[in-house]
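K.L.:
Each chain, written out:
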Amino acid sequence: MSIYTSGKTIVALLYPLLKAVQVYDVNNDVVINTAKKFVAFMETLFSTISSLEFVRYRDYIFFNKQRLKYEIDSYANLQFLNSRLKILRIKSLTFLSGIKHQEIIDFAVIFKEDKVTFLKQFVLKRYPHIKVEFLKAGEEADEFMEDGKFTKRTYFKALKVTKNMMQNLWSGRPVDVKSSRRIVYNLVDTISRDEFGILALTTIKNFDEYTFNHSLNVGILALALGQRIGLDRRSLARLGTSGILHDIGKVEISKELINKVQKLTDQEWETLKMHSNFGVREILKTRGLDEISMIAITVAYQHHWNYDGTGYPLREKEEEPTLFSRVVRICDSYDAMTTARSYQPIPYLPHFALRVIWSNQNRLFDPILAKVFTQLLGIYPVGSCLELNTGEVGLVMRQNPGNIGSPIVKIIVDRNHEKTDGRTIDLAMEVQTKIVRPTYPQMYGINPSAYFL
Amino acid sequence: MKEEVDQIVLGFTKAFKALQMYGMNHSSFRNFYVPFYENISEFLSKNNELNLQIDKFTIHHDNRIVYKEEEMDLSIAFRLFKDGVRSIGFMGGITSDELLLLLDVISQSKKDYDVALGLWECDFSHISFYVVEEEEVLDYRVPDVPTEFVDYDEKLKQLILREKIDIDAVIIPDLKPDEVKNLMNNITDEEKASILPLVIKTLTDFLHTERSKEVIDGLIELLESCVDTKDFYNARRIAYKLKDYPEVSFIERFENATTIMGFKEMVNVPQNELFNEFLAFIGFFSKKSVPFLLQLLSLAGRADRLHSLRHRIAYIAQDDITPIAEFLKSEDTMSLVSAIAIIGIMRNIEAAKLLQPYIDHPDARVRLEIIDALGNVKQPDLLVQYVKDPQMEVRIKALRLLAKLKFPQMYPVLLDKIKDKTFLDLEFSEQREYFNYLTANADSNLVQILKSMLYKRKWFGRKKYRVMRRLAAIALAQIGSSESLEALRIGAEKRNKDIKIVCELVLKGKSK
Ligand SMILES: [Fe+2]
Ligand SMILES: [Fe+2]
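Sequences listed follow chains A and B, in order. Count the first sequence with our numbering and you get residues 3 to 455, in order. Count the second sequence with our numbering and you get residues 60 to 571, in order.
Treat the hints with caution; some may be incorrect.
[Stated by the list, open to error] Simulated coverage check for chain B against chain A, where a stretch passes if three residues somewhere in it have a Cβ under 8 Å from a Cβ of chain A:
#1 147–159
#2 179–186
#3 214–223
#4 237–243
#5 250–259
#6 324–332
[Said to hold, decoys possible] Restraint-style ranges between C-beta atoms, simulated for each label pair:
#7 N166/A to P236/B: 19 to 29 Å
#8 S86/B to K138/A: 32 to 42 Å
#9 G447/A to D156/B: 27 to 37 Å
#10 E258/A to K127/B: 36 to 46 Å
#11 E318/A to D182/B: 27 to 37 Å
[Stated by the list, open to error] Below, a list of computed lysine-lysine pairs in the PhoX-like style, where the Cα atoms sit at most 20 Å apart:
#12 K214/B to K180/A
#13 K170/B to K71/A
#14 K133/A to K93/A
#15 K102/A to K39/A
#16 K265/A to K214/B
Hints listed in this document are in silico derivations from the structure and should not be mistaken for laboratory results. The beta-carbon is built from N, C-alpha and C at its ideal position, and this holds for glycine as well.
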């Protein structure tokens, strides 16, 4: 069993135990049996590994140095462990060989307490096979402000590659397929290392070159959603490519039409809709027909197919969009809504774009994917500006896994409506600070993406 | 630890060199590879991981150089480094397949090959690596926020109204267990399913709106790969669409000896569905392919397959008999037989003339096929001579066809033969065909003749004559007229046991 699967399994076995001690007495069979099961599994691992270490860092959980991803089947377990470790200010938690079920039950009992009680109890009773390392003062507050250099480098490299690819197609020059293939794998690596970091970068929207940013952003959002539903790396590479290439057919449509400000005539609208068809040809032209491009072709063709059978190009009744097309459908809509374009100079606030997605599940979007997408971005997605009950304005820096209504925000406007480089607050921890409503950052002369660079 | 790592890296180097020299299937490579795999597995079972850092020409472990090779072509380090791989890690549980794949990727010598891409595409579970891209200049500038006045609150209100957003709707995105299950099933289903049918559908749908060279070329490429992999189901779907473009020649590329002989496994493929898909696909072939298909035919092991293929070839040849006639000259009897059969299937008027030289062919298989062919082209007069063929099988077949084709000219000849005492020396199955011919070509006299055969008194050779009674009785039953049936009923009342029994039997069989 790989480290990754081992870690995932341990968390899956620990979760019912932590839940059980909240409900049952410690001598209850349910508690004892779940603890025994947990210990039995650890023992199989101890035959090759001497210690099992969980580290929490930037809301990521690492097991023996491997990051455990928030996947659909491990989401609840991981976010529960994460939130407990966070509340108890635990940086790392290590189980050592020789642990017995009684020790783990005792530990589970204090693990559900508040920080002070936990500390007291942990010192009072000896836990010879459990090691705990706490966060130092101030460590938590700014940990996620560290720059993800790798993440940014990948984003801008990807942007450059996407831009080159589309511009070359536009002008009939040959496309560097190798670098676009490389960049997708780079993005897959990045999404597994720093999901929150790269998601934050999707708030970068460039009005003048929105097609490039949009293509890349859709690719990244699709990768993040794909990772959440547990796709393997190979599938992610395919999905990411499909996301980036979804609107590639637009290179066959005149820039005047794409950038037209006035309402489109019926004829113009029909032409614009042809980009789904044209995408097929453009992908064929640039990438030929390998496995990845075959998938990208179907996604480009289907990415405006709605869940209820409507959408374009027209299709037969029994034809349904593929999973990848449904993923891209959501990510495309979200990014399009939140992006300023010629005919939409003021974009939707991320929160309202999310509500549009939410209220159109079943009609436009796959309802299950719409839910996972909401879990991924939260109610106030990264880049949202929120008026707080303190009179300040906070910018959502990233989500709180498992607490989708209470993100982590940075104060960017003070009580006097002045721009400020304020503190960072975890709204899940500082419960007295409440969200009043989302607001337009432009009102304060702010471009949110500046804070992620 | 140091020695162990050195040992592993040395093993790695040797295996890499051996692979470059001998290739993966050579025993010399195995000799170097196996100890390397054993060493690294043992190391990982103790230490769980091994991380190596890659520099331009060197590999490092724990800040110590463990490998150095400055010759670009030979250097493992350089091969990895040039494509941005900066570290590589091995984890406990590594399989031999993974290690072989890794060696394979690193040893690729194609000029444009990207090792990092190769590694990514391997999708290892126990080998990790870290790749860097060239440093990019961050030329991104955060755009200025527009300064003109916009009533954002008003905009927001409009948006909420337009999209009918319920700003208070509760959002709980938790998935129910069955939703999780559905999604998981959906993912595994799509991972398993082939993308090919969907791409074919998409490309053909594209062509509904516009004729595009790229898309047609794409379909042809897919067609080639389908034919390559013997996926005739999808090949047929593509060919069906491409037929809409008569100016596009997409089938010619397959109409050569090499490709068609490459289909030989299809001829005897156990699954009928696969065979039928193949058969349907070659329906798109032109006459040009006939000679090669005829060669393929000789490999058919099953009679039903032979039959279907002959019909298909006849269909492909359309009215043109020439390529098949060519095969009449074949030395090989089976090819000759097939050619005759196909000519018969084609029902070409020229056929009789073409077949003439083979009518007296010494091989009975050929003569049998000729009979079928002559039957198909309705040339009963040419069948007459086969009634005297030395082979019973041939005689029977000829008689049967003469009966079927209604050729009354033979009636007196055959009747004479029946009346001749040598007739009793024939086997029953052949004798029956004589009588079948008579009933099929019956004239008003026949019932009388049969009646007298049935009622004939015999003092000598009674036993031997029983068969004649039986044949006559059966023939009367077959005629089935009131007169003939009456004759049987009267027979059943006769005191002569021979007559009585046979009539009763035949009437009984008839009533059944
Ligand atoms: Fe689109
Ligand atoms: Fe789009």
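K.L.:
Each hint: holds or not?
P.N.:
For each hint, the structure was consulted:
1. 147–159: Since 3 is at least three, the answer is holds.
2. 179–186: holds (count 5)
3. 214–223: holds (count 6)
4. 237–243: With 5 residues close enough to chain A, the hint holds.
5. 250–259: holds (count 5)
6. 324–332: violated (count 0)
7. N166/A to P236/B: 19 to 29 Å: The hinted range 19 to 29 Å is violated for N166/A and P236/B, with Cβ atoms some 46 Å apart.
8. S86/B to K138/A: 32 to 42 Å: violated, 59 Å
9. G447/A to D156/B: 27 to 37 Å: Between G447/A and D156/B, where Cβ atoms are some 58 Å apart, the hint is violated.
10. E258/A to K127/B: 36 to 46 Å: violated, 59 Å
11. E318/A to D182/B: 27 to 37 Å: Distance hint for E318/A, D182/B holds at roughly 35 Å.
12. K214/B to K180/A: violated, 44 Å
13. K170/B to K71/A: Cα-Cα ~37 Å, so violated.
14. K133/A to K93/A: With Cα atoms ~11 Å apart, K133/A and K93/A stay inside 20 Å; holds.
15. K102/A to K39/A: This hinted pair holds, its Cα atoms lying about 11 Å apart.
16. K265/A to K214/B: Given pair K265/A, K214/B holds - Cα atoms ~18 Å apart, limit 20 Å.
In summary, the numbered hints that this structure violates are 6, 7, 8, 9, 10, 12 and 13.
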